[in-house]
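First to last, the protein sequences are chains F and B. Per the working numbering, the very first residue in the first sequence carries number 3; after that it's consecutive. Per the working numbering, the very first residue in the second sequence carries number 21; after that it's consecutive.
It should be emphasised that the hints constitute simulated quantities derived from the structure, not laboratory data. Mixed in with the good hints, there may be bad ones.
As the list claims (entries may be wrong) - Going by beta-carbon spacing under 10 Å, a handful of chain F positions derived as facing chain B:
{"no.": "1", "residue": "S31"}
{"no.": "2", "residue": "D54"}
{"no.": "3", "residue": "F57"}
{"no.": "4", "residue": "Y72"}
{"no.": "5", "residue": "D73"}
{"no.": "6", "residue": "Y90"}
{"no.": "7", "residue": "E93"}
Where is the CB? At the ideal position from N, CA and C, for every residue including glycine.
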Amino acid sequence: MIRARTFTDARQQSHSNAELNWWIFMRISGLILVFLILGHIYMTFIQVSEADATFDAVVSKLSNPAWKFYDWLILALALMHGANGARYSIEDYVRSRPNRAWVKGIFYTVIALIFAFGTIGLFAI
Amino acid sequence: MTQAQITPSTPATAAAMMTLKVKVLRFDPEKDKKAHWETYEVEASAGDRVLDVINHVKWYVDPSLTFRRSCAHGICGSDAMLINGRNRLACKTLLRDVVKKSGDTITVEPIRGLKVEKDLLVDMEPFFDSYKAIMPYFINESPEPAAERIQSPELAERMAHSSNCILCACCTTSCPIFWVNGSYLGPASIVQAHRFIFDSRDEATQQRLNIMNQNTGVWRCRTAYNCTEACPRDIPITQLIEEVKRAVMYQQA
């Protein structure tokens, strides 16, 4: 191993399983999302006609906590899966350290806001 | 006795010469600001190698053309180049595999992602730095047995592919992640690490897996499969990288 001379070198060499855990997460969440979203598509586009999908129908369906959890799981997994995929691209392509810091900062803020609004919207119904 | 039967025997394959245009991306650091294309006309037969054509240009047309080659038999791994848009060894590529007929063009460029020093010659130091980072040497501190360290054919088979690597850099310089981010160790280093990680006689497996588990290691691989397509030794590189990923997972998780 190349001997660490600076703090950044040392941090690069420090041992952490973060990347491994994200890699496993990507595989598992991807697999779960396929079924969640196929079910979601079935329920929104095939099971009901466009005319039946009124505000009241959606509210009454979401009054069941199981459906609330189902939708929230799609929201959370899709956001985390997408955010991590975008993080991979940012780390590959944005090479300057300060640029990477603010690009990631803005990106994570947007993701957090979408997650917060989605959760509030879902549980406020 | 008629003479009709006696026809001069012309071996159809040997004599068929064709004229090719060889387009080389040239760069002279002392004169040029940017690389530029230069075209040479060369006569060659379909059984010649791309290296023969480039050698012809260097020896008889323009001696300033610079490129690496040593053994010219696909063993040393010196003459990796981007030939017709694919990373290949110039000494292992026959003309009949890259051109169809006389008058066709072959393009030859330096491999990408490493700094071009002159013409087709690139700075290989970053490549070998990441090679050194994976400790590419046999480590076994336990006392030596009286004879050799024995390995069964089954265990030798596990590192059969990865020990074929000749470090030509075809894979690493075809990797899109390596192009944009040189801090990635690259497929060649991971294949070399695989060779020691899956060597039953080597004892530094844990250390090497830790190097692979870093942000710059196997997790940068996005399975683009460019390396597997480029490898002149037909090593299934992406599959080997996945094997290392799995080894990291089962050792650490």
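Comparing the hints with the structure gives:
For S31 of chain F, the suggested interface contact is broken, since its CB lies about 16 Å from the closest CB of chain B, more than 10 Å. Nearest Cβ of chain B to the Cβ of D54 of chain F: about 43 Å, over the 10 Å cut. The hint is violated. Residue-level restraint check for F57 of chain F is violated (minimum Cβ-Cβ distance to chain B is 42 Å; threshold 10 Å). At about 28 Å, the closest approach between the beta carbon of Y72 of chain F and any beta carbon in chain B exceeds 10 Å, and the interface hint on this residue is violated.
Hint status for D73 of chain F relative to chain B: violated, with the closest Cβ pair at about 30 Å, above 10 Å. With a cut of 10 Å, the hint placing Y90 of chain F at the interface with chain B holds, because the nearest CB-to-CB distance is about 7 Å. Below 10 Å, beta-carbon pairs count as interface contacts, and E93 of chain F has one with chain B at about 8 Å; its hint therefore holds.
Of the hints listed earlier, those the structure fails to meet are numbers 1, 2, 3, 4, 5, in rising order.
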